[in-house]
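Novice: Spelled out, the chains give:
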Amino acid sequence: MPAGRRERRLARAVALVSVVMFLAATPFAKMPLVQVWAFIPIYESVVVINDLITAVLLFGQFSILRSRALLVLASGYLFTAFTAISHALTFPGLFSPTGLLGAGPQSTAWLYMFWHGGFPLFVLAYALLKDDVDEASRTSTRQRGRAGATILAGVAAVFAVVCGLTLVATTGRDFLPAIMQGNRYSPAMTIVVSSVWMMNLIALASLWRRRPHTVLDMWLMVAMCAWLFDIALAAVLNAGRFDLGFYAGRIYGLLAASFLLAVLLIENGRLYARLAEANAGERHERQLVQEKTAKLMAVNEELEAFSYSVSHDLRGPLRSMDGFSLVLIEDYGDKLDQEGKDALERIRAASQRMGHLIDDLLRLSQVTRAELDIRQVDLSVLARGIADAIDQEQPGRTVEWAIEPGLSIRADPALMRIAMQNLLQNAWKFSGRANRPVIRVGALQRDSKTVYFVADNGVGFDMAHAGSLFGAFHRLHHVDDFPGTGIGLAIVQRIIRRHGGQIRAEAKEGEGATFFFSLAASKGGSDEQDSPAG
Amino acid sequence: MNKTVLLVEDNPDDVKLTLRAFKRNNMLNPIVVVRDGVEALDFLFARGDQAERAGKPLPTLIILDLKLPKLDGLGVLKAIRGDERTRLIPVVILTSSKEEQDMINGYSLGANSYVRKPVDFAEFMEAAKVLSIYWLMMNQPPPERNSA
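Order-wise, the sequence lines are chains C and R.
The opening residue of the first sequence carries number 543 in this note's numbering; numbering runs sequentially from there.
The opening residue of the second sequence carries number 8 in this note's numbering; numbering runs sequentially from there.
One or more hints might be untrue.
EDC-like mimics (lysine to aspartate or glutamate), calculated; alpha carbons at most 20 angstroms apart, straight line [said to hold, decoys possible]:
1) C/LYS991 / C/GLU1051
2) R/LYS63 / R/ASP20
3) R/LYS23 / C/ASP855
4) C/LYS883 / R/ASP17
5) R/LYS30 / C/GLU843
6) R/LYS74 / C/ASP901
7) R/LYS74 / C/GLU913
8) R/LYS105 / C/GLU846
9) C/LYS883 / C/GLU872
10) R/LYS23 / C/GLU872
11) R/LYS74 / C/GLU843
12) R/LYS77 / C/GLU1051
13) R/LYS63 / R/ASP21
14) C/LYS971 / C/GLU846
15) R/LYS105 / C/GLU913
16) R/LYS105 / R/ASP49
17) R/LYS105 / R/ASP90
18) R/LYS74 / C/GLU872
19) R/LYS30 / R/GLU133
20) R/LYS105 / R/ASP79
21) R/LYS105 / C/ASP901
22) R/LYS23 / C/GLU833
23) R/LYS85 / R/ASP17
24) R/LYS85 / R/GLU59
25) R/LYS105 / C/ASP855
26) R/LYS77 / R/GLU133
27) C/LYS971 / C/GLU1051
Read the hints as simulated data drawn from the structure, not as lab findings.
Predicted model only: the values in this text are computed from it and were never measured.
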């Protein structure tokens, strides 16, 4: 995660406090204090545990992000943990008068130098490698299986190095210059510790230079500052063990070990909180969807009950009106004059018309309610079948059907049949007065979308009145001229919309009308399936 | 042998018009009218008010509306098909509904025919004519099995 402004300020503040404390402690660094032997094992245990946990967390991040930089840094923390262990074991007078592992008087001090000189090397490597973090996180998933092996190899290598250094410091102590005289420092110490200190400074500087700084980088820098003060107080400015510098330096060491751990833990906690939040949000959303679905289903059920009742109950009275009007005409016709009979016929006609309106409304609602069964449909074959049926039903008229072959769409076959039936019957109906009626069905490409059309050369209509063309029971012609209830195009529009498509009309009075429609469901179809031939 | 028709219909107008349609088509079979589902089953199974019908012949044809008070048409049909005495009697559903679900349910429960009442009475007359010719004249009814 990149560092935010607040985090940067906090890190700066912590670093500043460290500096102030360091400056305050410096004059008293050589002041001898009580020798608290228990301080050393307690301190070193805490450092070991802190560093081990930090290493584990960093290894964990490595296994996710697969960045070599993180692997190196994790190894660095593991290195300090291991070295701290051998440092504690060899500390003279702690577990045995000279220290364990065959340690001599110089061993512990040298291990301290290895410890504090080794870690900055890891940090330096981290700083040099850290640019590949982003890159690695992008191409990570590929070799997930090998993360465990890599970590294991890293742990083994660190362990081997620490064992080697311990061996050098203990068995090979004679080859190393003496830096301790009892519990106090020798002159050689100054050179050694200065170079260790310089290494830390270089590591810090290289971290500083490799921008942008992540949260991790920033707190690593704070930790490096603390290390610098640790070394300065505990090995440069003080006189030897158990003076104020020694203790204060150790406390800086502890802080250095804790900073990164704290940051990693906080970061983990934050990520977990974010995850929990996302989960809760998702759960809430799912609940909303469920509630909406339930509501929709309830509305749908009501609608179904409503249309059932419309279908059943509204027609009853119409049957009575029509039936008893006929009874009157049949049984009492001799008592009625022509006007009376005409009135009764009008009642009958109106009842029947209303019966058809109700049926149309039901059909409209059925089209809306029907479940879509999307399949590959040959629109050309469908249109041809409807055209043939119209020709057969109405042999009195000759219409030229120009249907483009091979129009393949993805749609619900039953609904598409209803839509095409309405469009073709309309075209047929409104081209009744044309000299040579031609009805064309075809497709064209517009903005990389396939648009289908049904065109006729009939009476057409004035586009000025086309606004509510697709509204239920809306008509642009008189019933006497062209019969119909005006439900057809409303049904067609619903069907096209249910397919995720759009429909519109273009017309000119006396020249014909063209209906264009698109289908969302057909987009994939033409890709996978054969493209329309011809 | 009089072939009785049982008409199960709650709308008095529809009853009147149906009877007229049959009469006009010269269908002379006796027609028994019941006004709800429970009455229909009482008649068929000689229960309740119709207890005295026990042993009398059953109708040759049942004309059944779907939307009925108390017990609806599908419930009546289920009871008819579930009883040994009545399970073979031809049942014609005559209803306003052309909901697909009603048709499917009607046929699933063993209806022999499904006719929708048209609004146009002339059409209805035609339907009644075809119905009576087919089911009362042409169709061979199942043999009576429970004649005591």
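Novice: Out of the numbered hints, which ones does the structure contradict?
Specialist: 1, 2, 4, 5, 7, 12, 13, 14, 16, 17, 18, 22, 24 and 26
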